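Q: Here's the letter readout for the chains.
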Amino acid sequence: MMQAAGQVSGERGAWWRKKRTRELVLVTCLLLPSLAIFFLYRVLPLGWNLLLSVQYWSPLKPPRWAGLDHYEEMLLYDDVFWQSLKNTLIFIGASPFAIALALGIALLVNSDLKGAAVYRSIVFLSYPLMTVAVGIIWRWMYDERGGIINFALREIGLVAKPIPFLQSFDWALPSVIVAEIWQVLGFYMIIILTGLQSIPQHLYEAASIDGAPRLAQFWRITLPMLRPSLFLCAVVGILNSFTSFDLIYVMTNGGPGHATELLITHIYKSGFGQTKFDYAAALTVVQFILLLALTYLANRAAGGNAGSLERQ
Amino acid sequence: MISRRALLKSGAGAAAATLAAPAIAQAPKKISFLTWNIIDQEPMIRGWIARFVKDRPGVEVEWLDKKGPEIPVFYQTQLVAGTPPDVINTQGALGLEYAAQGALLDLTPRLKAEASVRNRFNADYLSNWAYEGKNYMLPFYITKTLLFYNKPMFQKAGLSDPPQSFDAIIDAAQKMTSGEASGFLTLNFDWLYWPLYAMNGVDLLSTDLTKPTFNTPKGIEVTDRLAKATEAGTINKISWTGRWVEPNGAFAAGNVGMLHAHSPAYFFVKGQGKWVTPETLGVAHAPGGFATPNSHGLGISTASKNPDLAWDFLKFVTDEGAQELGVNRKLVTGNIAVDTKNLADLEKSDPLVYSILRTQLEHTDRMVGNWRLGNDSRVKEAFWPELQNALLGRKDAKTALADAERKVARELKRG
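So the sequences go chain by chain: A and B.
Heads up: the first sequence begins at 1 in this note's numbering, then just goes up one per residue.
Heads up: the second sequence begins at 1 in this note's numbering, then just goes up one per residue.
Keep in mind the hints are simulated off the structure, nothing from the lab.
Because the structure is a prediction, the values reported are computed rather than measured.
Any given hint could turn out to be false.
[Claimed, not checked] Straight-line distance between alpha carbons at most 20 Å, and here's what the computed EDC-like set of lysine to aspartate or glutamate pairs gives:
#1 LYS398/B / GLU132/B
#2 LYS228/B / ASP170/A
#3 LYS413/B / ASP79/A
#4 LYS413/B / ASP170/A
#5 LYS61/A / ASP106/B
[What the hints assert, rightly or not] Short derived list, chain B residues pointing at chain A, Cβ under 7 Å:
#6 GLN76
#7 GLN78
#8 GLN323
#9 ARG378
[To be verified] Okay, the calculated bits of chain B under chain A, using three or more residues with CB under 8 Å as the criterion:
#10 87-96
#11 246-259
#12 332-344
From the three backbone atoms N, C-alpha and C, an ideal C-beta is built for every residue, glycine too.
Please take these sequences and the hints and turn them into a complete structure.
A: Given below as structure tokens:
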């Protein structure tokens, strides 16, 4: 009997003695707090949001089943949805320009340029600024009457009348995008710079010995080795495009008309401006799906294994 | 004989009653008061609260102030949480939207029961917060639009009197337009531009508020004329693109002939425009006396646990408080006695402000743009971007109004 008991306990203990099992338990324990937070603040609201999107709901009224009514409204009748979706995609489309610019600056400050550290700090300075402050600064710079940009353009004779940057249907979105790029440029630059500095020098030395010109080294070594950094920049760019609420809110509030409306500002206005929380939830679901699809595409473009652990 | 269990029960009951009694007696009655961006008036509001609670032992009033854009977010999250402020101050049509949601208490029975309170207010302003025949708010401080004009620019253009019709506005504006100077500017938020349509006999909705009525030949003609005048620079473009600071700032710069705005715009213009004096700034009604109100009201949340106390506080603020508020901020409150007294004082001490505030109490039967809708912001959102498209030349007036009509009709149908 004792022998049988010992055998059972031995069997029980055997699973724990496996290194793989112990690792699994440890990893689970370590992940549990963050998973709990993720569940509470991400998964649960997302589920609730999904439910809300198929209901008629307002703060003091009982919910009623709406089915796909909000989605029908959005896709068939809501011009602002399509306008804001287009603007969001244009915002995203501007990210590669910002990344290319940051790459250029990173290459410059990574070279033997005199005062490179100073330039690096100057470029990075815009990033830690509060977005609201950035919005206000740029709004004043773009101002039609007293803005420095119009002043400079008129002084050098490029324009005869001031340009209403933020009040014009044609200029408003590009103007906001420029402010957005200005703010995030420093961050991209630091990420790319880190990537540049982690490229092994011997690759360049070998390429030089083989007689590869600088441009070929850039295309064949620098760019491929920077792929994870560029992917990160692309993801941050996509996220920024979807969450540039504060910049738009401060600079144009989505106007004129809906010329600078993004999905995120449309969601906010639908929910809190027009008390259409149910409809705003449907918009959020669409934005989430779009974000998921774009992140998937960016991941595929980066080789399909971004974020995975490298095994020895 | 009493059993041991019964004895224990009665003992515990007595002890609980003894402990709870003072707690119940001492539990303070508390209400909260949410105001709309008047943090600069802190000493005055703290003074109100101190005076209010002085005669009411055990009463507490908590004061909260939020900036305009924060109020809807704050209030609605508090509604969902079941803890909205007892007394709330809103601007424009927001109060009606909350009333339609069931968030505000119907004050009609209280106003009926206390005629002295009801009669305290200008009836036209009071009726701005009536939704489906019930009154949900009391005037806190009131404003409506008027016409400010730049007298030197008028003189230079050979104009003597302010315009008396829509045509006269456009003519006068044309005469003052040259170089960087433009003739006319209007604020556009919350239907503040609507008098321009009302003076042409165009209304947004049918009287029963169920159908759009603006897409008429006259409506198209007015829109077209406004668009052409904007294109020509006669009407400053900021009229249709700016919010509050930009248009008022442009008029303050001194090269815009007329500003159609609500009365608080004066203080901003005065602060920025060195040219502004009683001799240079003219004040008039818009043609026909039409004006859009944009007043602040006070209401009580349905979820208030102390609605009677909240009502007392409302009465206090709109009486004793109104007197002080009117003097401190140089505004009118809708309380007839208070405004009469304050205006009489202002006539001597600040004639320009007096002439501005006087317009707020005249032609109050000609207020427009104040449709008693429970979904005003949605209708606005359906209408305004389309009108803006026409005014800024993105669409012709006919197409834009047809699109706006389709969207507004859809919103009205949704309810």
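Q: Each hint should be assessed against the structure and marked as holding or not.
A: Checked hints:
1. Taking the CA atoms of LYS398/B and GLU132/B, the gap is near 33 Å; set against the 20 Å cutoff, the hint is violated.
2. Distance hint between LYS228/B and ASP170/A is fulfilled; the C-alpha atoms sit about 19 Å from each other, no more than 20 Å.
3. For the hint linking LYS413/B to ASP79/A, the alpha-carbon distance of about 18 Å falls within 20 Å, and the restraint holds.
4. With a C-alpha separation of about 34 Å, the suggested pairing of LYS413/B with ASP170/A is violated against the 20 Å cut-off.
5. For a cut-off of 20 Å, the pair hint linking LYS61/A to ASP106/B stands: about 17 Å separates their Cα positions.
6. With its C-beta approaching chain A no nearer than about 6 Å, GLN76/B sits inside the 7 Å limit, and its interface hint holds.
7. For GLN78/B, the shortest C-beta to C-beta distance to chain A is roughly 9 Å, which exceeds 7 Å, and the interface hint is violated.
8. Interface restraint check for GLN323/B: the shortest CB-CB distance to chain A comes to about 35 Å, outside 7 Å, so the restraint is violated.
9. Interface restraint check: ARG378/B against chain A, minimum CB-CB distance 5 Å, threshold 7 Å, status holds.
10. With 0 residues bearing a CB less than 8 Å from a CB of chain A, the region 87-96 of chain B misses the requirement of three and the coverage assertion fails.
11. Requiring three or more residues with a Cβ within less than 8 Å of a Cβ of chain A, the coverage given for the region 246-259 of chain B holds, as 4 such residues are present.
12. Look at the region 332-344 of chain B against chain A: 0 of its residues bring a Cβ nearer than 8 Å to a Cβ of that chain, fewer than three, so the hint is violated.
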